[in-house]
Amino acid sequence: MWRPDWDVFIEMVQVLLQKPLRTGLSGLGVGWGLFMIIITIGSANGLQNGVSQDLGDMAKNSMFMWTQSTSMAYKGFQRGRPIDLTIADVEYLAANSQTLEAVAPQNQLGGWRGSNNVTRGLKTGAFTVFGEFPEQQLIEARPLKEGRHLNDRDIDDKRKIAVIGERVRDILFTKQEDAIGGSIRINGVNFTVVGVFTSMRSGEDAEEDLQSIRIPFTAFNQAFHQGDDVGWLCLLFNEEVHADSAAAEIMSVLKARLSIHPDDNRAFGHWTVAREFEEIQSVFSAIRWVSFVFGGLALLAGIIGIMNIMLITVRERTNELGIRRALGATPGVVVRQIMGETLLLTTLFGLMGAILGVGTIEGINALLDSMPDMQGGSFRNPQVSIDIVLQSLLTMVVMGALAGILPAFRAVSIRPVEAIRTE
Amino acid sequence: MSAGYLAAVIALKSIRKAYQTGSQSLTVLKGIDCTIEKGELVAIMGSSGSGKSTLLNVLGLLDDFDAGTYVLNGQNMDGLSEKAAARYRSEFLGFVFQSFNLISYKSALENVALPLYYQGVPRKERQASAMAFLSKVGLADWAEHLPNQLSGGQKQRVAIARALIANPSVILADEPTGALDSVTSDEVMALLKEINKEGITIVVVTHENEIANQCDRIIRLKDGRIEGSNG
Ligand SMILES: Nc1ncnc2c1ncn2[C@@H]1O[C@H](COP(=O)(O)OP(=O)(O)OP(=O)(O)O)[C@@H](O)[C@H]1O
Ligand SMILES: [Mg+2]
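In order, the protein sequences belong to chains A and B.
Its first residue numbered 0, the first sequence is counted upward by one per residue in numbering that gives the first Met the number 0.
Its first residue numbered 0, the second sequence is counted upward by one per residue in numbering that gives the first Met the number 0.
The hints are simulated quantities; they were obtained by calculation from the structure and are not laboratory data.
In this text the structure is predicted, and so the values were computed from the model without any measurement.
Each hint should be verified, as a subset may be incorrect.
Said to hold, decoys possible - Okay, derived cross-link-like pairs now, DSBU-like style, lysine-lysine, Cα gap no bigger than 30 Å in a straight line:
id, chain 1, residue 1, chain 2, residue 2
1, B, Lys123, A, Lys18
2, B, Lys82, B, Lys123
3, A, Lys59, A, Lys74
4, A, Lys18, A, Lys254
5, A, Lys159, A, Lys144
6, A, Lys18, B, Lys105
Extracted from the complex, chain B is given alone in its bound form:
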């Protein structure tokens, strides 16, 4: 193993994953090798069905993989229990989704505070912290609003604040601008870049070249393998 391998926030070696649908087996990831360094802003691109979301879910410990090694922050993620996975997610990872995935009956503030609830942070502290992150994404005045009272861009900024609140080392974003118009997309991307400047590693799955081009590096997936990287 190289020194770089150990310094990486994320290091994947020969990751394989297949989906079982009935008697059929569909191999989606056919041996992924890659490392992502601390502080990088990386885009994952590829045609629809190429396995981008699958890869991101593996990185996010939301899904398991069949073979290979995944080292996150120097710790091996092989064969984790659900409980351990939940702990690592809470400790290391933040998520941003295309469909925002805010809880509809909770206010913006409560949504942002939720990760801290699962870390056992007391309510007052949680809410103060959530307020600070809402301010950071420019939504302090919207704290008490429910998600359906917010625009798409505002929802995504709430989701980003929520991803940030537990101080993760990596933020995983699956097409964060996929549901937004171009102006709002640029705002969200600007926000992600700003966060990245503060030292948080970000992995963005995207279809859009304008988005990908703003990243340090693009990983292209094709047919379950990494096609090439530039950076």
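Bound-form chain A, shown alone:
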């Protein structure tokens, strides 16, 4: 005798429109809850994307390693012995490590924002100069703008050539000049530019990249009198191996060669991208979790508000509901009507909150995209995945249904006579 169709919907809309202000205010709570969930999760994702971008171009299985001093006496050596690495040590490591896949020793000259060390004619600049191997590209890729990267011949022949960052080119060369083939003077030694690169990183890291100069490791050591010394190592390890065990294995090989106590944790320092990622990941999953909880609480508050409003509404409409019962509405129909109204209210405003939230996030996205200067920040590309949105909407619908139960049963617990008598 009763079938759900458009009519049911029209009935419910009519009821909700009857008190638009109240409907709006009670719906606001739910809308706000959903809006909050989506905004906070979106921002957390944005922050995570920003931070991940800072590491973005580095291979997941890469590792950096440098030497420090020993902290344990071993094989007749005192503790506190400074450790130095040479090319021979690196070759030994490459030959003996099980997990190592590539190793790229690096040396550095000049520092970030140091004194002017590079000149070209009358132009000067302070740049970081790295001596490195072609393998460096495997660990942190720097896309070429023009020319070429370092290659093995450059290493073998100790060629005095340089691949420079875009900023370096902009400072040392005029717009009309071709950087490739140009000559620059690093600490008094001439190098020929063979390539210009850009950075995949963001923020200060990108700045740093773009103001650096890369020259063959061998040429570096010769020109700047470093002998066979190695500043630090950039390494790639087997992807199958966990970062921590790979690091331990690699260091144990070097410890054995350099007579360092196997348990000495201070002789080498190291840093792995994977480890960094894990930490970021766990921080952000915590942030997301917290935002879900707080958003959920906001949603819960909204739902309780709706339940309250519906209870008040049912009380106010006692007479109307009695009339409906007298005119043939079964208790089931009344329950469905009240539940339907509650659900409609929550869904309508929840959807509005969700749409507004997603819209806001997309707006921020568009704003960030339109401001290249802002690209640098650690906040980038905030986003919510569709399943987070759906999940929140589903939660809201379920809670809306729960919120409707009490008012609905309150509505049918009143006998038709009593309902009609009120007035």
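Position chain B with the ligands against the provided structure of chain A, taking the given hints into account.
Leaving out everything else, chain B with the ligands in the frame of chain A:
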């Protein structure tokens, strides 16, 4: 049981009803026996508090009773579920109240159409039918008006149209003219009589002799019992 008992639209036997207020029990109906034949126009009279509304609500399946039998249209109404009661109300009964009981945010037309909504009649059909009944009570031009834009007499005519729309066998009216002036009361009563002439049984609770005297029969309630009937 007599043949008349079976032919009756309404047949009550020893209906008893008491209200529980706290530990107190107030017996309002102390054994009501009566039958109302198809097509009758019956008035129920009695002093205030004599149980008229209680009896009408029992007849309307809006309230339950403690003992006795109630047969409506040949079907026993004892121990009905709320759902079944709603179905019988929708199928057999129309209501007219003293306070009109129109839904305030619905137009006259929508109010009249509401019983058909609960019978699952499609919107278009419902509205056409509601329009026809509004015309019947002379309010076609007021179809889109809200109840608070109507006079008392007009509201009651809307309520009567609403009571009629589902083609009930009985219309139960609790002091339908109680809130109206005498001229309007006469109009409403004339309308009820006209409807009664078309074969619909009508039971009217009233205080007014002028109203009661226009009925076929008067049932007088006193102290929870039927005092006497004439007709
Ligand atoms: N829900 C209730 N709970 C307790 N007592 C009730 C209830 N409804 C009615 N009564 C009592 O039952 C008695 C009959 O009430 P009823 O409404 O049937 O009287 P009535 O004849 O319609 O009176 P009136 O002419 O004033 O409308 C009254 O004494 C009333 O106080
Ligand atoms: Mg009464």
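Quick rundown of the hints versus the structure:
Taking the CA atoms of Lys123/B and Lys18/A, the gap is near 26 Å; set against the 30 Å cutoff, the hint holds. Annotation: proposed proximity of Lys82/B to Lys123/B holds, straight-line Cα distance about 26 Å (limit 30 Å). The hinted pair formed by Lys59/A and Lys74/A fails the criterion: a straight-line CA distance of about 36 Å is larger than 30 Å. Our distance criterion of 30 Å between C-alpha atoms is broken by Lys18/A and Lys254/A, whose separation comes to about 78 Å.
Taking the CA atoms of Lys159/A and Lys144/A, the gap is near 20 Å; set against the 30 Å cutoff, the hint holds. Between Lys18/A and Lys105/B the CA atoms are separated by roughly 13 Å; this keeps the pair inside 30 Å, and the hint holds.
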